[in-house]
Amino acid sequence: MGMDAVFRALGDPLRRRLLDSLHARNGQTLGDLCAGHAMTRQAVTKHLAILEQANLIATQRRGREKLHFINPVPINAIAERWIRKFERRHLTALSALKKSLEGKNGENDE
Amino acid sequence: MNNKSSFVYVIYIRTTAERLWSALTNSEFAQQYWGGARPEAEWKLGGAWKLTFPDGRVADRGEITEFDPPRRLAIRWRNEIMPEFKAEGWSLCTMEIAAARGEAVKLTLTHAMERPDSKFIGTVSSGWPQILSDLKSLIETGSAAQPPKYDFPK
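Protein chains in written order, with numbering that gives the first Met the number 0: chain L, 0 to 109; chain X, 0 to 153.
Hint data in this document are derived by calculation from the structure and do not stem from the laboratory. A portion of the hints provided could be inaccurate.
As the list claims (entries may be wrong) - Computed list of lysine to aspartate or glutamate pairs in DMTMM-like fashion (alpha-carbon distance at most 25 angstroms, straight line):
no. : chain 1 : residue 1 : chain 2 : residue 2
1   : L       : Lys65     : X       : Asp116
2   : X       : Lys105    : X       : Glu39
3   : X       : Lys105    : X       : Glu27
4   : X       : Lys105    : L       : Glu86
5   : X       : Lys3      : L       : Glu51
6   : X       : Lys3      : L       : Asp3
7   : L       : Lys65     : X       : Glu27
8   : X       : Lys118    : L       : Asp31
9   : X       : Lys105    : L       : Glu64
Since this is a predicted model, take the numbers as computed values, not measurements.
Extracted from the complex, chain X is given alone in its bound form (with noise of 0.2 angstroms):
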């Protein structure tokens, strides 16, 4: 039933749209919470993004496919590093920004590839969770848990 490989995370943040949205888009500040890799972009429709990881290595590469602040962010985007990775093409990822109960809003991010048992949505898919978490904390607290360890592949 599934010819497509998508993961789904749903994180409840106690802050505005207005300041997760700019989270999302500022460079400096994900850096913070993206362990060490950092998301760069032409912050608009159809701009160009790219993950750097700390030892300045390009990971993954794409464009910006939907640009609705503060609610909606869709990137393009294909690994770059590792080969088996790169062969599998693009996948897509959508953050979606609404309101919810009390002084917080909901955030959604969906990780796809139009393809079955995609090797890098499995990879990628150990890393949000823990990304999410640190956004949360470092924007509702001024820190993120815990300085994360990521494995970066050599």
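Chain L extracted, bound-state conformation (with noise of 0.2 angstroms):
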């Protein structure tokens, strides 16, 4: 359950656009699924397959129906270790600006 296997998923558009019509309506079946995009039902189960695999999308029975969930979690893993620590090093510049602006015309908000 790797990174690689998570990035290999994504690095396809027609998976990114089947989790973007997941983010939209959660919950969707394999039928609702293919009616959204120009892709055979064997296309389409196929690349449900690579995401479930690399577990960006989580699925569940109801009845007879299966159901198809964006699931978030290795997302937000990615956020943590590629996009989050580099925003905080910007923060850090910005309230080092805010303070060094501050300090210059006397005023201080805290």
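Got two chains here, each in a separate frame; can you build the complex from them with the hints?
This is the structure:
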């Protein structure tokens, strides 16, 4: 269940579109997902299997239907590892700027 | 097709079902991955459950509707702070622990409400991925990835 599988799964525009579609409307059936995309049922099934293996979607049975849910947990892990730490540096720079500007005119709102 | 709002989260954690179960049902431990909020309960079937914000306000209240250690825990809960969330009524949060490949367990968390486009479910859904990531880091490495900062509503 490595990061590699997650990046590989995300490295395909059709799979990203399926995730967008689930983000817009969670809990869709295979039929719903096929209807929204110009893809064969087999292609959608294959892409969903790759997304599920990467843990980017979770499925649940409700009666005879299988519903697909976007699982944002691995994407959150990517954000933690690859985005937030850079963002933090950015925020530190901004707060240093704020301090120096506020220091200059002698005002402080803290 | 969807007359209910639900989110499903899956996370794999290198631990045993028993250790994960105790991480889910121990208030002291849970506070560390809940970003400072504290879930407290009488941990048994029918027990009262509540989530307290760091400033002491009770954010949510409910009851334990399934208690099957170390496999299945379900809590029926309602928001107490935001009038528009409270008006939506009861949500159901189910946590299921299953064996996974290797020395890991699979945690499936479902949070649902029997109404479409629930604002409450939409809002909690932005918090769960971080809570679950911190739960994983805390169990696997002994510390949360970073002190999480949540914007607790005023």
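Do the hints match the structure? See the list:
no. : hint                 : result
1   : L/Lys65 <-> X/Asp116 : holds (20 angstroms)
2   : X/Lys105 <-> X/Glu39 : holds (23 angstroms)
3   : X/Lys105 <-> X/Glu27 : holds (23 angstroms)
4   : X/Lys105 <-> L/Glu86 : violated (31 angstroms)
5   : X/Lys3 <-> L/Glu51   : holds (22 angstroms)
6   : X/Lys3 <-> L/Asp3    : violated (34 angstroms)
7   : L/Lys65 <-> X/Glu27  : violated (37 angstroms)
8   : X/Lys118 <-> L/Asp31 : holds (23 angstroms)
9   : X/Lys105 <-> L/Glu64 : holds (22 angstroms)
Violated hints, in rising order: 4, 6, 7; the structure is consistent with all others.
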